[in-house]
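All chains should be built: construct the whole structure from the sequences, respecting the hints.
So the sequences go chain by chain: P and F.
Going by my numbering, the residue at position 114 of the first sequence is 114; the numbering climbs one at a time, nothing skipped.
Throughout, my numbering is defined as the position within the second sequence, counted from one, plus 1000.
Derived from the structure by calculation, the hints contain no laboratory data.
Worth double-checking, as some hints may not be accurate.
[Said to hold, decoys possible] With the Cβ distance kept under 8 Å, some of the chain P side facing chain F (calculated, not the full set):
id : residue
1  : V25
2  : G28
3  : R37
4  : I56
5  : G188
6  : P192
7  : P217
[Claimed, not checked] With a cut-off of at most 27 Å between alpha-carbon atoms, the simulated BS3-like pairs for lysine-lysine come out as follows:
id : chain 1 : residue 1 : chain 2 : residue 2
8  : F       : K1143     : F       : K1125
9  : P       : K206      : F       : K1125
10 : F       : K1109     : F       : K1138
11 : F       : K1138     : P       : K206
12 : P       : K86       : F       : K1206
13 : F       : K1206     : P       : K138
14 : P       : K125      : P       : K138
Heads up, the beta-carbon is just placed ideally off N, CA and C, and yes, glycines get one too.
2 protein chains.
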Amino acid sequence: MPSAIILIADGTEEMEFTITYDTLVRAGVACQSAYVRNAAEDSTAPRPYAHGSRGIRIMYDAVFEAPQFLPPASGYDALVIPGGAKGAETMSSSAAVQELVREFLAQGKIVGMICAGSLTALTSKLPRQPLTSHPSVKAQLEKIEQNSPLHFDYSEDPVVISSKLVTRHSNLNPSRHSRGPVSLFIAGTAFPFALTLVEMLCGAEKRAEVRAPMVFPAATPF
Amino acid sequence: MPSAIILIADGTEEMEFTITYDTLVRAGVACQSAYVRNAAEDSTAPRPYAHGSRGIRIMYDAVFEAPQFLPPASGYDALVIPGGAKGAETMSSSAAVQELVREFLAQGKIVGMICAGSLTALTSKLPRQPLTSHPSVKAQLEKIEQNSPLHFDYSEDPVVISSKLVTRHSNLNPSRHSRGPVSLFIAGTAFPFALTLVEMLCGAEKRAEVRAPMVFPAATPF
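Here you go:
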């Protein structure tokens, strides 16, 4: 059974978190949410939930500081970094998160970023490659200032799979392969983001199987 | 500021709950989630969250037994009943929920049902009218057995606004009007469901304003 870590923090966009987690569970992926503390937060008085960007409080499965989440990367197959401005700021400024992103990619594992979550590609100092994000952080991801070198090759596509980092494992299950990073546009595209992750982890057949009972309106382009 | 009660129970589909709550908050609607206890649950040992259908635990804002939620309906403008088979069963079999649905509709307020949540239209003994739902409960909503009279005029449309119960208030704000019930297809259509509620509560302009930064892929049909 493939497995995924889905990060969560105060200010995480709760639709992006929930759509990704729920869709992966529907595909049979073992999901664990890992709470990333804000640097200013009192770790001696922990609370068991994250405050979403629109006020929904979600209980997390574990705290990111737990050994199974910290680098060196554990046996998880995918790492998901959702958006929400404040949550993405907390995640992208965490040295441990940055290190985990680099380790996942070095091992050819999947890293999915959505919305402002793509900021972590910048703070993790990933090499220049295709990428997308919420428009609100586009300028930061493209370049810091006029005439400076491009950080990333910014795309307006709803889902970007960075081909520069695509790797394919010749393992026993031909439908499973790892690529990284996946980075994505925003809440409205959380469904195609999540379905793309399902396809990468479990194959195209599983994607179709998970999508069907969701009964998207006709002509939905994903 | 318009306001909404969004029901939640163990087994509620967490995407449907979250997308609706989050989208309404983006529109400036004051949302309160109200936890409906399963009849078998020990009310002397309450826990502060609901278990979603795919394992996400969401803290609720209040328990449905609180006076502000029970009939006679309070000052809330809309009532939302999400799906998820087990959660919808709990809600639809609650006499207090059924009574609240009837009161909201009698007062010309909005009742939105999505996915299996539409079962509550049946248990609340609403009159025959257009309705939709997740395909898994279609047979129950249409008629109990061959040759029995139709319960509802079942539609395959992603969003059905029951015109039979449409009422329009000639209040000061021409963009606000109440209709009921709205019932809807499933998780994949949670976005158009939520955006329809925004339009009914806050007007078409607000719907467009909330939808834009969600950056749905081009050609998305809602």
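Checked hints:
1. V25: 4 Å, holds
2. G28: 11 Å, violated
3. R37: 18 Å, violated
4. I56: Since chain F brings a Cβ to about 6 Å from I56 (chain P), closer than 8 Å, the hint holds.
5. G188: 4 Å, holds
6. P192: This hint holds: P192 (chain P) lies near chain F, its Cβ roughly 7 Å from the closest one there, short of 8 Å.
7. P217: Status holds, d = 4 Å.
8. F:K1143 to F:K1125: OK: K1143 (chain F) and K1125 (chain F) at ~13 Å, within 27 Å.
9. P:K206 to F:K1125: 39 Å, violated
10. F:K1109 to F:K1138: 25 Å, holds
11. F:K1138 to P:K206: 25 Å, holds
12. P:K86 to F:K1206: 24 Å, holds
13. F:K1206 to P:K138: Roughly 25 Å between the alpha carbons, so the hint for K1206 (chain F) and K138 (chain P) holds.
14. P:K125 to P:K138: 16 Å, holds
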